[in-house]
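A.B. asks: Protein sequence lines correspond, in order, to chains A and B. With the first letter of the first sequence counted as 1, position 34 gets the number 34 in this note's numbering; the numbers rise by one all the way through. With the first letter of the second sequence counted as 1, position 41 gets the number 41 in this note's numbering; the numbers rise by one all the way through.
To be clear, the hints were calculated from the coordinates, so they are not data collected in a lab. Quick caveat: nothing in here was measured; it's all calculated off a predicted structure. Certain hints may be false.
[Said to hold, decoys possible] Within a straight-line C-alpha distance of at most 20 Å, the following computed EDC-like cross-link-like pairs (lysine to aspartate or glutamate) qualify: (1) B/Lys74 / A/Glu141; (2) B/Lys361 / A/Glu132; (3) A/Lys168 / A/Glu116; (4) B/Lys361 / A/Glu116; (5) B/Lys361 / A/Glu126; (6) B/Lys284 / A/Asp108; (7) A/Lys165 / B/Asp275; (8) B/Lys287 / A/Asp111.
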Amino acid sequence: MTQVPHELDVRPILRDGGEPFTVIMNAVMSLGPGQALRLLATFEPVPLYGVLGKKGFGHAAREIGGGDWEVVFTPAAAVADSRPTEPARPAVDRPSPSGWPEPSRHLDNRDLDPPEPLVRTLAAVEELQPGEVLAALLCREPVFLLPKLNERGHEWQGGFEADGKTYKLLVRKGTGKKAAA
Amino acid sequence: MIGVSPSRWTMSYFSVALLALIGAEALMVAGFGFPSQPVAAPETLVLVHLIAIGWLSLLVSGALVQFVPVLVAKPLAHPELPAVALVLLIAGLVGLMAGFLGMAGFNVGSMPWLPLGAISLTAGFLLNIWNLGRTLWLARPIHLPARFVAAGLVSLAGVAALGTIFSFALGGWTTNAALLRLTAVGIPLHAALGLGGWLTFTAMGVSYRLLAMFMLSPEAEHRTSQIAFVAGGAAILVVLIGGPVCLLVLRQGAGHPLLIALALATVSLGLYGQDMIRLYRTRKRRKIELNSRMAAWALGGLGLASLLLLALTVLGDVDRRIGAVVFLFAFGWLSALGLAKLYKIVAFLTWLECYGEVLGKRPTPRVQDLVNELRATPWFWLYFASVGAASIAAFLEAPLAFRIAAFGMLVATIKICVELVSTRTLRLVPAPMLPDGAHAKPGLFLPSLRESRR
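One chain only, chain A, in its complex shape (with noise of 0.2 Å):
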């Protein structure tokens, strides 16, 4: 199980203007069994984390320098062998992700109409402080809200709980300069 990490490096791309995460994606569908992705990107890729914690991915991540990032996703069943007991959990479970202060707000929008959990959101993080976390229950993936984020340039990640019914998004505010496309 001690393989060699698969090296992808997506800056190029990146700097091209390009969308890497087919490339990514198609990297992950060809890992080996216990095989981790070392990923080379400009920034950190908060979004992966959700989508590949899906996967059973767990992911640790630096800065490299010159703002660029190394993230290596490492999936649960290699992780499994140092932990047997425990199950594959989705990032998001984990209590935040690395360099992620603690949630400082909580909502739940559960039980709210549609699209209330949207509005009530946007108007809890614009509260925050830039880098603060808010933490939101939703009942389903909020996707008129994920690019709204993305446009005010705010990160988060996000990903269903193992109920499977509630999801569960993080969301750090950013400091007001819009996100790079």
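Here the structure of chain A is known, so what remains is to put chain B in place on it, guided by the hints.
C.D. replies: Using the frame of chain A, we list chain B on its own:
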């Protein structure tokens, strides 16, 4: 990109669709087509295709380019393709209408309208099938509502293929014996795939998610829903494959595959009905909005039309009454559901378009502030009452009574459209709450220029 943005072309589809509905109802009031004229008359073909393509298919297509991304939480594969498809569909519909009018003896020139119209329509539908199909494919594994939509798209491909064959045969572009035989006896297959497989099955899939969303009902995937999908999907395949095989290989009529499909569809619809009753009963939201109340009546229309079709099949009286049953399917179920859901979707899309950028930053109206349900409700009642009266008149073969009832439908539809325009133009929003700048006046038909540059 993760998440979805509203499709810019949905309102264009809806606008053309509503114009087609008003046009079709005006034709019915004028006594054009069934029941004033025979079911098989070219005038009836004009009317049927104006309703089935111009109104219902454009409505469902416009809704799908919006809703499929929501169903699978992924953006549309080709966001601008629906605009090209819409142009082809409108051009194709105009060609088809001209072709049928020519068959009815109207002077429409000597162009081969039917085959040209069918080619354009098929091209338009194929673009949308490709776009939506690719979006669904890239989002695999997909949930049950999205699988209903996928099956509906397969059915649409079958409808378009058969329609193109018919138009080539009627337009004299082919003398192939098999294609001529399909044209002579395959029309029930075309109609079953169109009304059943494409429009009804897709609407069923969409309603699982939409009704649950709007009423805060639990969305667990039940065994009944899975069997409803399998049975309905099998019904589509029986008609799509079994029908032509029976006609061309076994040299029989289309009766057997249609009967088997009806039996499968009955299982599917019965279980779907049970699922819908459960959705309404288990909803967390006690007081439901107009769109959900009216959708319940549309579901009743579907139940009634299905029972009538079954009863007539058992009694052996389908051929004589099929026009009235199809009318009830088209207006008591599909159109009613469509108008009810339009009332909500237009308000939501307008709200998101006008206030999306400032949500949470300044006070904004609620979606419900864009509509006046009290004012709209009587027109929905008039619509349902008129459809009921027109269905009875069609069953009793009373054309004058039908035309009077159709006038009620026309008035109700126009009034509902006035409500939609009022929503779209933010006429009910208090002045201090109006949006600023480019979003102050959303387009009724075309997306705003500002959005075009995105």
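A.B. asks: If you test the structure against every hint from before, which numbers come out violated?
C.D. replies: none
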